[in-house]
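Chemist: Single-letter residue listing:
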Amino acid sequence: MELFTEGDPIADTKAPAGPVEKRWETRRFEAKLVNPANRRKMTVIVVGTGLAGGSAAATLAEQGYHVKSYCYQDSPRRAHSIAAQGGINAAKNYRNDGDSVHRLFYDTVKGGDFRSRESNVHRLAEVSVNIIDQCVAQGVPFAREYGGLLDTRSFGGAQVQRTFYARGQTGQQLLLGAYQALERQIGLGTVEMNTRHEMLELVLIDGKARGIVVRDMVTGEISTEMADAVVLASGGYGNVFYLSTNAKGCNVTATWRAHRKGAYFANPCYTQIHPTCIPVSGDHQSKLTLMSESLRNDGRVWVPKTKGDDRSPKDIPEDERDYYLERIYPSFGNLVPRDIASRAAKNVCDEGRGVGPTKLGVYLDFADAIGRLGRKAIEAKYGNLFEMYERITGEDPYEVPMRIYPAVHYTMGGLWVDYDLQSNIPGLFVIGEANFSDHGANRLGASALMQGLADGYFVLPTTIANYLASGPLEKVDASHPAAVEARTDVEDRVQRLLGVNGDRTVDSFHRELGQIMWEHCGMERSEAGLRKAIDEIRALREAFWQRVKVSGTGEELNQSLEKAGRVADFFELAELMCIDALHREESCGGHFRAEHQTPDGEAQRDDDRFAYVAAWEFTADGEPSLLHKEDLKFEYVHPTQRSYK
Amino acid sequence: MNLTLRIWRQKGPEDKGRMVTYPVDDVSPDMSFLEMLDVLNERLILSGEDPVAFDHDCREGICGMCGLMINGDAHGPQRGTTACQLHMRQFSDGETIDIEPWRASAFPVVKDLVVNRSAFDKIIAAGGYVTAPTGSAPEAHSTPVAKANADAAFESAACIGCGACVAACPNGSGMLFTAAKLTQLSLLPQGQPERYTRVIGMVDAHDEAGFGGCTNAGECTPACPKGIPLNTIGRLNRDYLTATAKGANNTPGS
Numbered sequence: 000m001e002l003f004t005e006g007d008p009i010a011d012t013k014a015p016a017g018p019v020e021k022r023w024e025t026r027r028f029e030a031k032l033v034n035p036a037n038r039r040k041m042t043v044i045v046v047g048t049g050l051a052g053g054s055a056a057a058t059l060a061e062q063g064y065h066v067k068s069y070c071y072q073d074s075p076r077r078a079h080s081i082a083a084q085g086g087i088n089a090a091k092n093y094r095n096d097g098d099s100v101h102r103l104f105y106d107t108v109k110g111g112d113f114r115s116r117e118s119n120v121h122r123l124a125e126v127s128v129n130i131i132d133q134c135v136a137q138g139v140p141f142a143r144e145y146g147g148l149l150d151t152r153s154f155g156g157a158q159v160q161r162t163f164y165a166r167g168q169t170g171q172q173l174l175l176g177a178y179q180a181l182e183r184q185i186g187l188g189t190v191e192m193n194t195r196h197e198m199l200e201l202v203l204i205d206g207k208a209r210g211i212v213v214r215d216m217v218t219g220e221i222s223t224e225m226a227d228a229v230v231l232a233s234g235g236y237g238n239v240f241y242l243s244t245n246a247k248g249c250n251v252t253a254t255w256r257a258h259r260k261g262a263y264f265a266n267p268c269y270t271q272i273h274p275t276c277i278p279v280s281g282d283h284q285s286k287l288t289l290m291s292e293s294l295r296n297d298g299r300v301w302v303p304k305t306k307g308d309d310r311s312p313k314d315i316p317e318d319e320r321d322y323y324l325e326r327i328y329p330s331f332g333n334l335v336p337r338d339i340a341s342r343a344a345k346n347v348c349d350e351g352r353g354v355g356p357t358k359l360g361v362y363l364d365f366a367d368a369i370g371r372l373g374r375k376a377i378e379a380k381y382g383n384l385f386e387m388y389e390r391i392t393g394e395d396p397y398e399v400p401m402r403i404y405p406a407v408h409y410t411m412g413g414l415w416v417d418y419d420l421q422s423n424i425p426g427l428f429v430i431g432e433a434n435f436s437d438h439g440a441n442r443l444g445a446s447a448l449m450q451g452l453a454d455g456y457f458v459l460p461t462t463i464a465n466y467l468a469s470g471p472l473e474k475v476d477a478s479h480p481a482a483v484e485a486r487t488d489v490e491d492r493v494q495r496l497l498g499v500n501g502d503r504t505v506d507s508f509h510r511e512l513g514q515i516m517w518e519h520c521g522m523e524r525s526e527a528g529l530r531k532a533i534d535e536i537r538a539l540r541e542a543f544w545q546r547v548k549v550s551g552t553g554e555e556l557n558q559s560l561e562k563a564g565r566v567a568d569f570f571e572l573a574e575l576m577c578i579d580a581l582h583r584e585e586s587c588g589g590h591f592r593a594e595h596q597t598p599d600g601e602a603q604r605d606d607d608r609f610a611y612v613a614a615w616e617f618t619a620d621g622e623p624s625l626l627h628k629e630d631l632k633f634e635y636v637h638p639t640q641r642s643y644k
Numbered sequence: 000m001n002l003t004l005r006i007w008r009q010k011g012p013e014d015k016g017r018m019v020t021y022p023v024d025d026v027s028p029d030m031s032f033l034e035m036l037d038v039l040n041e042r043l044i045l046s047g048e049d050p051v052a053f054d055h056d057c058r059e060g061i062c063g064m065c066g067l068m069i070n071g072d073a074h075g076p077q078r079g080t081t082a083c084q085l086h087m088r089q090f091s092d093g094e095t096i097d098i099e100p101w102r103a104s105a106f107p108v109v110k111d112l113v114v115n116r117s118a119f120d121k122i123i124a125a126g127g128y129v130t131a132p133t134g135s136a137p138e139a140h141s142t143p144v145a146k147a148n149a150d151a152a153f154e155s156a157a158c159i160g161c162g163a164c165v166a167a168c169p170n171g172s173g174m175l176f177t178a179a180k181l182t183q184l185s186l187l188p189q190g191q192p193e194r195y196t197r198v199i200g201m202v203d204a205h206d207e208a209g210f211g212g213c214t215n216a217g218e219c220t221p222a223c224p225k226g227i228p229l230n231t232i233g234r235l236n237r238d239y240l241t242a243t244a245k246g247a248n249n250t251p252g253s
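Line by line, the protein sequences give chains A and B.
No gaps in the numbering here: position 264 of the first sequence is 263 in numbering that gives the first Met the number 0, and each next residue is one more.
No gaps in the numbering here: position 234 of the second sequence is 233 in numbering that gives the first Met the number 0, and each next residue is one more.
What the hints contain is simulated information worked out from the structure, not anything from laboratory work.
Keep in mind the model is a prediction, meaning the values are calculated, not measured.
Careful, some of the hints might be misleading.
What the hints assert, rightly or not - Only part of the chain B face toward chain A is listed, based on derived beta-carbon distances under 7 Å:
1. R58
2. I61
3. C62
4. M87
5. R88
6. S91
7. D92
8. G93
9. I96
10. E99
11. G127
12. G160
13. L187
14. P188
15. A208
Unchecked claim - Below, a list of computed lysine to aspartate or glutamate pairs in the EDC-like style, where the Cα atoms sit at most 16 Å apart:
16. K10/B <-> E154/B
17. K121/B <-> E191/A
18. K13/A <-> E554/A
19. K146/B <-> E144/A
20. K628/A <-> D11/A
21. K10/B <-> E554/A
22. K304/A <-> D282/A
23. K10/B <-> E555/A
24. K548/A <-> D49/B
25. K380/A <-> D150/B
26. K632/A <-> E5/A
27. K628/A <-> D150/A
28. K146/B <-> D150/A
29. K632/A <-> D607/A
30. K13/A <-> E601/A
31. K260/A <-> E518/A
32. K109/A <-> D534/A
33. K13/A <-> E24/A
34. K304/A <-> D321/A
35. K548/A <-> D238/B
36. K548/A <-> E48/B
37. K31/A <-> D419/A
38. K13/A <-> E1/A
39. K260/A <-> E601/A
40. K260/A <-> D11/A
A virtual CB, placed ideally from N, CA and C, is assigned to each residue, including glycine.
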């Protein structure tokens, strides 16, 4: 059977015409407005309380809408945006180093390896400056210079210093800013907050998104919540790999359920592997920990020149070390973009030159920087990261070089959205990492926080008004047959998971799925590997539904049941990721196909055949998905081979 | 390593709860504490028993979701470390480890080691913010902030809201949590206009939520994985006193 069939191309993304720098202004002016008196009669559901969802819920409530917010954690403050370390980009040009909105736009399109939409990226660069203003006004304690002005640094391969930061905890501070704005609205009664609730289904009425089915994770109660529009801000799907830097609870269920109801899933194979994570220590490993990329500003990456060199790093003399990033990429050196640094680490480990007990690691060495700047200076910059490394590994990075290895960190793919961040289902909006929109095939460092907040504070609140203003929508409640059906589906599914009563735990399946994905759909992909993976995933998924053991009942706090539902959805997503990776017969950004590389081993794009967004439509279980192509046009940033040499 | 765990099991809020003993063998010193509990849970699930419920999410010490009393210490024996970042090399072979939930009247037990900490959110909702609706912000550089103040504000803002301070306090007080947010915002120019209404609002919400009062026992700061300083409570008290002297309604000139 064919793995997929091709459907109609996507003709219109709804971006206004005209010069790219005028499009957002045009859209804002043309967007319809909702009368303030009518806003409180309109309900918007927001799923997820990270940077995108938290900022969107707070802003919509400030504007006067009635908001219902949902998160699976015990507090909206715990969404995984909190773990972002490095910083947030903004085209403020405070350094007078040649930065501008146009340069941030250009860098982002190029960094995404020419697989993102110019209109969206330009808007992102434009609103980046407003984000910093907003966060400072909220009391976010950004790092400052002695003169009291904001400090910035260069980050992730950028040649300008446009990254604002709050020590190594920028995500935490930005998220707490959004969370506090959200709590203010909760206190005012404009946001109805539902913690420890998980979205398990989308409710469509007359083709429009009108509600969701949620499970109360404490009591097990399943209920249907209705609204005028639904916003998904449920994050990325990196946990399909089991081991990733995502929080344990991160999952694809909200977006996957919407996909099964008709929302296109775009570019699922675009995943970002972060080069600087602490290597796996054993089979017990439950997650991977990122060491901020900022470490590459001062650390030098190396491995021994000879295979199987088992000496301790301090016994390996300088001329027997290979500082391979500096050697291969003399102009960017240790600061090459993430995809390039990750693949280079994989290559040296594949050659047998990896270090550490598992040989899946490379050194990140601070000896030079400590010699040049002094231990104190390094402590001031990275002290908290060094402590964290020591807590986890038991090794002191001031004395012994850190060991790092790439790990799955971010997913650029997600639900397809138009310029308004609306999916192909009317009334279903998708923001933050959950959508596919701005990063193309590779995200630049410090751009995830920027996109989450751009979507939530500034873009969505404008574009969703245009949709709501086209109403009023027909009044519906949870007794509508479509809502009842969605709820029954959820109840049946819960019972089905509990009813298998097999002999393997959910985690054991998840771990095995992760190994298949890491092996065949990770840093390097090939046709043979992907075909093998698809077969293995299908077989494992079948075994899951026959052998999984979920303890307890549905009417209580049941973490094993929660995990089972998420892993069931990961199986389906994993297959689509492999199909997407298989059909994209080129290499671009985070998607590297072994068959498509330049003579010196760099990603080889094929713009003639693949300069499009792959938007997948679900058809039916066991039936091939339908591929819709959205052609990408580059009017301002002309595609070139990325070179960091 | 072979260990004996004694874990608090409680089916729900109504259940009385009890300590139950579980031997766990072949523990690697490179495992995190939560990974060790994962191993136990896998075994319990396969043998048809109810796994131990515990809260966790990021497993890198920043989300604040995990929180266990380990041998009577909030987050266990290593200072400045959340339970998720605590590794088994901190324990010895043959050791018996007691694992309990946070115990405080403001944090009722949901199940086993899971507690309800929504009282913290209520404190923030009562004033732990700067009123700055989206779009209303002035240019970020229009108000410089002295680096020392920005750094000290950051130090307080590093609180992860885990509740270890409450669990460690003999009174079950949430003063360190409350003071951390108040200190952050009162050190910044953006936080000044609401400074005194904020302190009254948050302290009132703290008391209403059932937290105990602070008697300067000083158990909170050593238990805090982020080392929030005790002197933040002094700042809270000073602002609270000023606020009550002014009258809580933010007398002009404040």
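Chemist: None of the hints should be skipped; say for each whether it holds.
Modeler: Hints, one by one, checked against the model:
Interface hint status for R58/B: upheld, as the beta-carbon distance to the closest one in chain A is roughly 5 Å, under 7 Å. Interface restraint check for I61/B: the shortest CB-CB distance to chain A comes to about 5 Å, inside 7 Å, so the restraint holds. With a cut of 7 Å, the hint placing C62/B at the interface with chain A holds, because the nearest CB-to-CB distance is about 4 Å. The closest approach between the C-beta of M87/B and any C-beta of chain A is roughly 9 Å, which is over the 7 Å cut-off, so the hint fails.
Contact between R88/B and chain A, as hinted, is supported at the beta carbon level, the nearest pair being about 6 Å apart and thus within 7 Å. Interface restraint check for S91/B: the shortest CB-CB distance to chain A comes to about 15 Å, outside 7 Å, so the restraint is violated. Of the supplied interface hints, the one on D92/B is violated, with its beta-carbon coming no nearer than about 16 Å to a beta-carbon of chain A, more than 7 Å. Against a cut-off of 7 Å between C-beta atoms, the interface hint on G93/B is violated, since the closest Cβ of chain A lies about 20 Å away.
Against a cut-off of 7 Å between C-beta atoms, the interface hint on I96/B is violated, since the closest Cβ of chain A lies about 17 Å away. Interface restraint check: E99/B against chain A, minimum CB-CB distance 17 Å, threshold 7 Å, status violated. Hint on G127/B holds. Least Cβ distance to chain A is approximately 6 Å, under the 7 Å limit. Annotation: G160/B was flagged as interfacial toward chain A, and the flag holds, the nearest CB pair being 6 Å apart, inside 7 Å.
Checking L187/B against chain A: minimum C-beta separation of about 5 Å stays under 7 Å; hint holds. The closest approach between the C-beta of P188/B and any C-beta of chain A is roughly 9 Å, which is over the 7 Å cut-off, so the hint fails. Annotation: A208/B was flagged as interfacial toward chain A, and the flag is violated, the nearest CB pair being 13 Å apart, outside 7 Å. As the CA atoms of K10/B and E154/B are separated by approximately 38 Å, the hinted pair breaks the 16 Å bound.
Taken as a hint, the K121/B and E191/A pair is honoured in the structure, with Cα atoms around 13 Å apart against an allowance of 16 Å. A distance of roughly 45 Å separates the Cα atoms of K13/A and E554/A; the hinted pair therefore is violated under the 16 Å criterion. For the given pair, K146/B sits about 6 Å from E144/A by alpha-carbon distance, which is consistent with the 16 Å threshold. With a C-alpha separation of about 11 Å, the suggested pairing of K628/A with D11/A holds against the 16 Å cut-off.
Taking the CA atoms of K10/B and E554/A, the gap is about 12 Å. The hint holds against a cut of 16 Å. At most 16 Å may separate the alpha-carbon atoms for a hinted pair to count; K304/A and D282/A exceed this at roughly 29 Å. As the CA atoms of K10/B and E555/A are separated by approximately 9 Å, the hinted pair is consistent with the 16 Å bound. For the proposed pair K548/A and D49/B, the alpha carbon gap of about 12 Å is at most 16 Å, so the pair holds.
Straight-line distance between C-alpha atoms of K380/A and D150/B comes to about 13 Å, which keeps the hinted pair within the 16 Å bound. About 20 Å separates the Cα atoms of K632/A and E5/A, which puts this hinted pair outside 16 Å; it is violated. Straight-line distance between C-alpha atoms of K628/A and D150/A comes to about 42 Å, which puts the hinted pair past the 16 Å bound. For the proposed pair K146/B and D150/A, the alpha carbon gap of about 10 Å is at most 16 Å, so the pair holds.
Between K632/A and D607/A the alpha-carbon distance is near 12 Å, which keeps this suggested pair within the 16 Å criterion. Only pairs whose Cα atoms come within 16 Å are accepted, and K13/A paired with E601/A is rejected, the gap being roughly 34 Å. With a C-alpha separation of about 30 Å, the suggested pair K260/A and E518/A falls outside the 16 Å cut-off, and the hint is violated. Annotation: proposed proximity of K109/A to D534/A is violated, straight-line Cα distance about 35 Å (limit 16 Å).
For a cut-off of 16 Å, the pair hint linking K13/A to E24/A stands: about 14 Å separates their Cα positions. Taking the CA atoms of K304/A and D321/A, the gap is near 5 Å; set against the 16 Å cutoff, the hint holds. Proximity of K548/A to D238/B is assessed by CA-CA distance (about 55 Å); at most 16 Å being required, the pair is judged violated. Between the alpha carbons of K548/A and E48/B the distance comes to roughly 11 Å, so the proposed pair stays at or under 16 Å and holds.
Between K31/A and D419/A the alpha-carbon distance is near 12 Å, which keeps this suggested pair within the 16 Å criterion. Distance restraint check for K13/A and E1/A: the Cα-Cα separation of roughly 32 Å exceeds the 16 Å cut-off, and the hinted pair is therefore not satisfied. The straight-line distance between the Cα atoms of K260/A and E601/A is roughly 38 Å, outside the 16 Å bound, and the hint therefore fails. The suggested pairing of K260/A with D11/A is violated, with an alpha-carbon distance near 21 Å, which exceeds 16 Å.
Hint check: violations occur at hints 4, 6, 7, 8, 9, 10, 14, 15, 16, 18, 22, 26, 27, 30, 31, 32, 35, 38, 39, 40; the rest are consistent with the structure.
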